[in-house]
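Novice: Spelled out from the first residue to the last, the chains are:
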Amino acid sequence: MTTATPTFDTRGLADLLDASSQEQLDALEFGVIGFDAETIVQRYNAVESQAAGLSPQRVLGEPLFTNVAPCLNNFMVAQRFEDAADEGSELDDTIDYVLTLRMRPIKVKLRLLASAGGAHRYVLVQRR
Amino acid sequence: MLPDDSQESLRAEHEALIQFLYLAPVGLVQADLDGEIAMINPISAQLLMPLSPDGCLTNLFGALEGVAPDLRLQCAQYPREQGMVFEGLHIHLRAGEQARRAPQILSLTLLKLDGARIMAVIQDVTAEVRRERQLRQSDAWLNAILTRISDYALVSIDRAGRIVEWNESIARVTAFGEHVVGSPYSVFYPPGAMTPEHLLDRLRESDRNGWSLDEGLRLRADGSQFWGSALIAPLPDREAFGLDDPQAPAYALILRDISDKRAASEKRRQAAFCDHLTGLANRRAFFEAAELELDRAAHTPRPLALILFDADLFKNINDRYGHPAGDRVLCDLADTLRDTFRIVDTVARLGGEEFAVLLPSTGEQEALNGAERLRALVATRLVATDMGEIAYTVSAGVAVLEGAPGQPGQEGIDGLIKRADQALYLAKGRGRNCVAAWTSHLHDNEDIPKRSRNAG
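The listed protein sequences correspond, in order, to chains V and L. Heads up: take any position in the first sequence, counting from 1, add 14, and you land on our numbering. Heads up: take any position in the second sequence, counting from 1, add 80, and you land on our numbering.
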């Protein structure tokens, strides 16, 4: 494993994030939302918490697409994870998107990551 | 400075409010009068992002332009300083192929707050509208029965839709004499308002639903027309007339002259089903008509043609002469379309300068002829505007659904639109002012670049 801090575009990022401590996640310069096979949010870092204006305790343990980020619940994001899970395939794609952080439209890049088993899944958020 | 605990409780309250807005199950947007978005909640992004042509949500009207082209105009034309511009406007979306459970119908409410701000409420009402449509049909039926009937013709027709007997009521309402016996009931419809397939569709629909009702222009024996409703119901005891006799009465057709109610029902229909600028069918009317036709073709296969028309280099017209002149050109195109096609065809404005004509029971050659007729007619027209006379041209793409929909390569209205769109792209590539038909060479998988809105 490299010692350099991973960036938004780092290859094999899912494994690095899996192995990262909360402090390491909080040190990243992009938003991290990690969720499990049932879409329950398991990881949430400081950048994302700050941008959304929500503290981790309001988010952790909640279903991502209905209770945390309903803006992602469409075919561009939620269905991509669903399709990958159905096919048992890996997902690693970056798309341009607009998030409504604190009710302001913010242009972002989203990186959608899911391992083949779908146990560890991430939405990563970088401002454009 | 506030004491710490008070500051902390303010912060918690603020966070709770933010989360309240994040989780509100309706879309909320605040924008300026040009649609530039100031605040927007997540459900709005969920619903609008898949529609947004440029993938950014900076402008509400821009995001919805492809599916509701006249929002900016309606908002600009709203005369009052504040108030409801419209409430619960239904916007029909084109279901993308990737989208399994994607919304098909959005409801949009637009409130003008003052001279500088509007507020929009956006909801996915797909399931609700389906239920409403069922109710509306029941309503229409009750209405037909309960409305005081001044006069009506009672006509019995056989299984093939032919008139079985003549009686006084037929003469009173339509002035047809006894010779009408044996003719199909389409004799009561003006030319172009009924196809032989539709004649049978309505009988089948009345078998399935217990009744079938339509409203529109009807024809008297002397060629004059009236606004009428036609209710067809299967005869309850038709078995008694003998199943073997194909000429036995099988349905009752009740024909009513409702000319006096036409104004009211037309107004209601227009508000919901007409494009604001041109008065043509809007997307909602188009997709409802398409759904009905596909449903009918699935039961009794017949060709269904779609022509997509696009005004050539329309952006140049707008840029050079201004939007009001551009609107005049669109209205002229709409009038020409209306005059060229049959009553039974659905002529609709799908967005911007894009128009569609759905032609039931029409094969490729006939559709090409119709498209060519329209193209040639438009090429001779000059539109008078404040900026002088404007000549314009159109290009057209034709696609035809042969046989039953749902077979491979015949994936419903989306597939048909896609093919007509590919043909239109071909016509544009041939230099515009041109009509092209979809062929298998334009295969779905072929890498045809998506037509940009401004490709002209």
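Don't read these hints as lab results, they were simulated from the structure. Virtual Cβ for every residue (Gly too), placed ideally from N, Cα, C. One should not assume that every hint holds.
Simulated pairs of lysine to any residue, SDA-like, Cα-Cα distance not exceeding 25 Å [unchecked claim]:
id : chain 1 : residue 1 : chain 2 : residue 2
1  : L       : LYS508    : L       : LEU462
2  : V       : LYS121    : L       : LYS508
3  : L       : LYS192    : L       : GLY296
4  : V       : LYS123    : L       : LEU462
5  : L       : LYS395    : L       : GLY135
6  : L       : LYS347    : L       : ASP231
7  : V       : LYS121    : L       : GLY135
8  : V       : LYS121    : L       : ARG197
9  : V       : LYS121    : L       : GLN203
10 : L       : LYS347    : L       : PRO381
11 : L       : LYS395    : L       : GLU116
12 : V       : LYS121    : L       : GLU167
13 : V       : LYS121    : L       : ASP231
14 : L       : LYS498    : V       : THR80
15 : L       : LYS192    : L       : ARG210
16 : V       : LYS121    : L       : THR473
17 : L       : LYS498    : V       : GLN93
18 : V       : LYS123    : L       : ILE98
19 : V       : LYS123    : L       : HIS278
20 : V       : LYS121    : V       : THR80
21 : V       : LYS123    : L       : GLU167
22 : L       : LYS192    : L       : GLU167
23 : L       : LYS508    : L       : THR473
24 : V       : LYS123    : L       : ASP412
25 : L       : LYS395    : L       : PRO383
Partial list, computed: chain V residues near chain L (C-beta under 10 Å) [claimed, not checked]:
id : residue
26 : GLY26
27 : LEU27
28 : LEU30
29 : PHE44
30 : PHE89
31 : GLN93
32 : ASP110
33 : ARG116
34 : GLY131
Novice: Does each hint fit the structure? Answer for all of them.
Specialist: Now the hints, each set against the structure:
Between LYS508(L) and LEU462(L) the CA atoms are separated by roughly 21 Å; this keeps the pair inside 25 Å, and the hint holds. Distance check on the hinted pair: LYS121(V) and LYS508(L) sit about 34 Å apart at the alpha-carbon level, beyond 25 Å; violated. A hinted pair counts as satisfied when its Cα atoms are at most 25 Å apart, and LYS192(L) with GLY296(L) does not qualify at roughly 37 Å. At most 25 Å may separate the alpha-carbon atoms for a hinted pair to count; LYS123(V) and LEU462(L) exceed this at roughly 48 Å.
Of the supplied pair hints, the one linking LYS395(L) and GLY135(L) holds, its CA atoms being roughly 21 Å apart against a limit of 25 Å. Between the alpha carbons of LYS347(L) and ASP231(L) the distance comes to roughly 23 Å, so the proposed pair stays at or under 25 Å and holds. Proximity of LYS121(V) to GLY135(L) is assessed by CA-CA distance (about 9 Å); at most 25 Å being required, the pair is judged to hold. Taken as a hint, the LYS121(V) and ARG197(L) pair is honoured in the structure, with Cα atoms around 22 Å apart against an allowance of 25 Å.
Restraint check for LYS121(V) and GLN203(L): satisfied, since their Cα atoms lie roughly 23 Å apart, inside the 25 Å limit. For the suggested pair LYS347(L) and PRO381(L), the alpha carbons sit about 34 Å apart, so the restraint of at most 25 Å is broken. Straight-line distance between C-alpha atoms of LYS395(L) and GLU116(L) comes to about 21 Å, which keeps the hinted pair within the 25 Å bound. Distance restraint check for LYS121(V) and GLU167(L): the Cα-Cα separation of roughly 29 Å exceeds the 25 Å cut-off, and the hinted pair is therefore not satisfied.
With a C-alpha separation of about 64 Å, the suggested pairing of LYS121(V) with ASP231(L) is violated against the 25 Å cut-off. With a CA separation close to 33 Å, the supplied pair LYS498(L) and THR80(V) exceeds the 25 Å bound. For the suggested pair LYS192(L) and ARG210(L), the alpha carbons sit about 29 Å apart, so the restraint of at most 25 Å is broken. Distance restraint check for LYS121(V) and THR473(L): the Cα-Cα separation of roughly 39 Å exceeds the 25 Å cut-off, and the hinted pair is therefore not satisfied.
Straight-line distance between C-alpha atoms of LYS498(L) and GLN93(V) comes to about 23 Å, which keeps the hinted pair within the 25 Å bound. Taking the CA atoms of LYS123(V) and ILE98(L), the gap is about 22 Å. The hint holds against a cut of 25 Å. The straight-line distance between the Cα atoms of LYS123(V) and HIS278(L) is roughly 51 Å, outside the 25 Å bound, and the hint therefore fails. Of the pairs offered as hints, the one joining LYS121(V) and THR80(V) holds, with about 21 Å between alpha carbons and a cut-off of 25 Å not exceeded.
A C-alpha spacing of about 34 Å is found between LYS123(V) and GLU167(L), which places the hinted pair above 25 Å, so the restraint is violated. Proximity of LYS192(L) to GLU167(L) is assessed by CA-CA distance (about 11 Å); at most 25 Å being required, the pair is judged to hold. With a CA separation close to 11 Å, the supplied pair LYS508(L) and THR473(L) stays within the 25 Å bound. This hinted pair does not check out: LYS123(V) and ASP412(L) have alpha carbons roughly 44 Å apart, beyond 25 Å.
For a cut-off of 25 Å, the pair hint linking LYS395(L) to PRO383(L) is broken: about 34 Å separates their Cα positions. Interface restraint check for GLY26(V): the shortest CB-CB distance to chain L comes to about 27 Å, outside 10 Å, so the restraint is violated. For LEU27(V), the shortest C-beta to C-beta distance to chain L is roughly 23 Å, which exceeds 10 Å, and the interface hint is violated. Among the interface hints, the one on LEU30(V) is violated; its C-beta lies about 28 Å from the nearest C-beta in chain L, farther than the 10 Å criterion.
The beta carbon of PHE44(V) comes no nearer than 19 Å to any beta carbon in chain L, farther than 10 Å, and the hint placing it at the interface is violated. Below 10 Å, beta-carbon pairs count as interface contacts, and PHE89(V) has one with chain L at about 4 Å; its hint therefore holds. The closest approach between the C-beta of GLN93(V) and any C-beta of chain L is roughly 7 Å, which is under the 10 Å cut-off, so the hint is satisfied. A cut of 10 Å between beta carbons decides the hint on ASP110(V): the least distance to chain L is about 5 Å, and the hint holds.
Hint status for ARG116(V) relative to chain L: holds, with the closest Cβ pair at about 6 Å, below 10 Å. Hint status for GLY131(V) relative to chain L: violated, with the closest Cβ pair at about 23 Å, above 10 Å.
In the structure shown, a violation is registered for the earlier hints numbered 2, 3, 4, 10, 12, 13, 14, 15, 16, 19, 21, 24, 25, 26, 27, 28, 29 and 34, in ascending order.
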